[in-house]
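Keeping their order, the protein sequence lines are chains A and B.
Counting from 1, one number per residue, gives the positions in the first sequence under the working numbering.
Counting from 1, one number per residue, gives the positions in the second sequence under the working numbering.
What the hints contain is simulated information worked out from the structure, not anything from laboratory work.
There may be inaccurate statements among the hints.
Unchecked claim - Simulated crosslink set (DSS-like; lysine-lysine; CA at most 30 Å straight-line): (1) B:K271 / B:K307; (2) A:K325 / A:K368; (3) B:K271 / A:K489; (4) B:K271 / A:K325.
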Amino acid sequence: MAETFDALIVGAGHNGLVAASYLARAGKRVLVLEQQPQVGGAAVTEELFPGFRFSSVAEGTGRLVAHVAADLQLHKHGLKLLPIDALLTAALPAGGRLSFYSDTARTAAEIARHSKADAARWPDFCAAMQCLAAVVARLMMLIPPALPAPSGRDLLELLKLVAPARRLNRKQLGDLVRTLPMPVSDMLDEWFECDALKAALAVDGVHGVSLGPRQAGTAFVWLLALAAGQVPAFAAASQLQGGVGALTQALAKAATSMGAQLRLNAAVQQVVVKAGRAAGVVLASGEEISAQVVISNADPRTTFQRLLDPLEVDPVFLRSTGTIKYRGCSARMHLALSGVPRFAFDATARIRIAPSINYIEQASDAAKYGTWSQQPWLDVTLPTLADATLAPPGQHVLSIHAQYAPYHLRSQDWDTQRATLGSAILSTLAQFAPDVPQLVLHSQVLTPLDLERNYGLPEGSATHGEMTLDQALHMRPIPDCAQYRTPIKQLYLCGAGTHPGGGCTGINGHNAARQVLRDWG
Amino acid sequence: MPRPSPFYSRTAALCESHSWQEWSGFLSANMYELHHLREYYAIRTAAALIDISPLYKYLVHGRDALKLLNRVMTRDIARCAVGQVLYTPWCDEHGRIIDDGTVTQLAPGRYRVTAADPSLRWFEDNATGLQVQIDDISDSLAALALQGPLAGEILQQAAGPALAQLKYFRHASAAIAGMDVSITRTGYTGDLGYELFADPADAERLWDALMEAGQPRLLRAAGQLALDMVRIEAGLLLVAVDFISSKKTVFDVQKSTPYELGLGWTVMLEKGNFVGRAALAAERERGAAWATVGLDVQWDSLEQIYKRYGMPIHLPETAWGNAVPVYSDEVQIGRATSGTWSPLLKKYVVLARIQPQYAKPGTPVCMEATVEAQRHMTAARVTALPFYNPPHKRA
Ligand SMILES: Cc1cc2nc3c(=O)[nH]c(=O)nc-3n(C[C@H](O)[C@H](O)[C@H](O)COP(=O)(O)OP(=O)(O)OC[C@H]3O[C@@H](n4cnc5c(N)ncnc54)[C@H](O)[C@@H]3O)c2cc1C
């Protein structure tokens, strides 16, 4: 008789691996099925050109929530952090720059070169934001309540918010509620006068969403990113040795060391449903594996519309899964370089090319009308400056995150636009490092279509569904399945399409495992 | 403004009463003469031609056509052979009726579905993930009902003697005066009858050909008022009158399940999963909250009430369709939803939804009767449906 499992996990993205680890740790027999020949999903390091290894999709990682990293003892499984000095450098016209450091005073001194008033406000801004972020961070760890009719267990869960919220005074609490639906530019306008400073921060309110900084709700995106450790100006001063893939490699080792089994090149074709309950999966090879629960690391649309027999899913629910906004609008560009490009500043930190709020807003206009930005904002990293293992000696890898490149183009298609987008990105970059084009040995552009084709991210959405206020919290991915559970009993979601959203935080997988174990008990 | 149906030039010419109603956006004759009784008798004793073009019609085809229909419909569409027609309701995910209609398998894997309400969106929602094409053919098919004990003879006259072989709830393609017509032996009268579907461009010539063939057998056009009477006699429910589509109300109390509407025989729990199955399975275990029955209003009892006012009994001239309380021992047990005087049966017949423990035929109940703006109770007897079920309907 074939081996049976307690839990099957569809997908070895970082969230699937985190969920697998927690379930295995709780004594469950777990099998992770990954369609790709490698683990990691969107968090991978890949040798795109011989000898050159890139963090091909996700550039950085969120703060993999400290207690997840500790629980899973990732340091024991080869995870190594390399210290870096600056966190982020905003490249400004005419050789200008604005750098951010983990030391508040040092950043303030840097800001003072642009605005004395803003430099003076910087420490207060940091303190206020960290305060709000602490509450948001707690919120992210919750299994969201089923609203409008929460269960007793939901209310107990919400009690966990009381302690961090108590640390805020009434004004701060009011500020939090007021801030969430704001445009990130308005939020920053209330603090600062220097456009370059505001722009360098505002990018994180539109990272991975199809919105511009003057659109409502982007302050929420910003706060969420802040709490997840994804606002570089406030992130950890370290870089993963071996690129982002090192994280998922370590997670895979942690999961297997706890007893989970892992199978690569094992695409799940269908989740088997019997009498309204998930009972196992069928692989593309035809092999059937049964289990008591199935947990999908795939995005909600794929899970509900491709992995289930539609006859088993309530049509109204199925239709609502079709309304989830994905709207990927980011492109990646990878360059193998023969040497270090000459920037007007030290390039070890992430470099941000987004010199003003208007610049970002104008770039976002393109997305509204179904074209890509001729002048995109860019996040540029040169990880080989700190980690020489990623390229042959003396040579370098450079990766760019560019926005906006909407998945849905009005009158063109990505197969014909890919190369022109690449040129636009490169010429934008060359304004700040004119020698880059001469250094390029190899290059690759990943449009949202490529992210969909190569990494299974529908519409190229980094977050398995756009990370907007209306698709957040108890409404993520949609209200009917926002608690990691689905209308199919024993079928759970654990990917970025669930609360608290995208980014390599591991929280989705952690919370999903908690829910599964709670329901088991 | 309601729009004219493809038969309008013919129906309008006959419509001496100028009495029209709106039906799904179309003008539909209430009655052609100043009184509808001759139209009623035509349906029951000869034959009548009824313009049913306003029905919604869909063509479902493609690899997963059967899968889609079996997902939506409560009956097992796999049992619908080519050339067969099935009557079936369809429900929402809570097992509450959205609408009902017929499914005809025209050719292998090609189905025509009729519906009272627009259903494209619901069918398409259910088609998510399936390879199936759903065409709204409502406007590309003109439709006529030819109903009554002589309908068969008239049809054979018009379309050839082969139609004599067409059995109850079967489909045939035929030619009438050189026009292609798709014919099902179905109807909404509970009598012998056919429904004919044709190209709207042929509509007027089709009407003329049938009228000509039917003239020796006293065929006449019939309107909605006559139809409403016969459908009550036949125990056929009318959406928006006897029940409300679950898509047309947000209040659960206003929705109904097939079991509550006497349509439990259409619910095939064993056929595999379909929309509403889980809820319907639970309901079957539990028992339905309501039963749909006929009420035979007792003449003597009603006459007594009128007598108190010094009046002769007064019977409704047309079918009515509004909720009227039904009682047992002064306790309300349900509601009547439509009723009519049946000239053929010489009975006052009513459709009602009552608590199941009172549903046994013969149970005496009372129905509210308002006389001179005063409320009274008239005696009625629970009756099995249909009230009228002539052998020639199926023969
Ligand atoms: C361009 C871009 C830039 C980004 N930058 C950052 C960043 O800087 N910092 C950050 O924190 N995050 C970033 N992200 C977001 C982050 O990468 C994702 O949100 C995160 O990796 C999602 O993890 P996951 O485990 O939920 O899903 P995924 O990583 O998408 O994993 C899902 C896994 O399921 C597998 N799968 C799907 N279907 C099946 C099936 N049928 N059978 C078997 N396996 C299946 C897939 O192959 C995949 O391995 C970025 C994303 C993109 C696209």
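Would you list, in rising numerical order, the hints stated earlier that this structure does not obey?
-> Violated: hints 1, 4.
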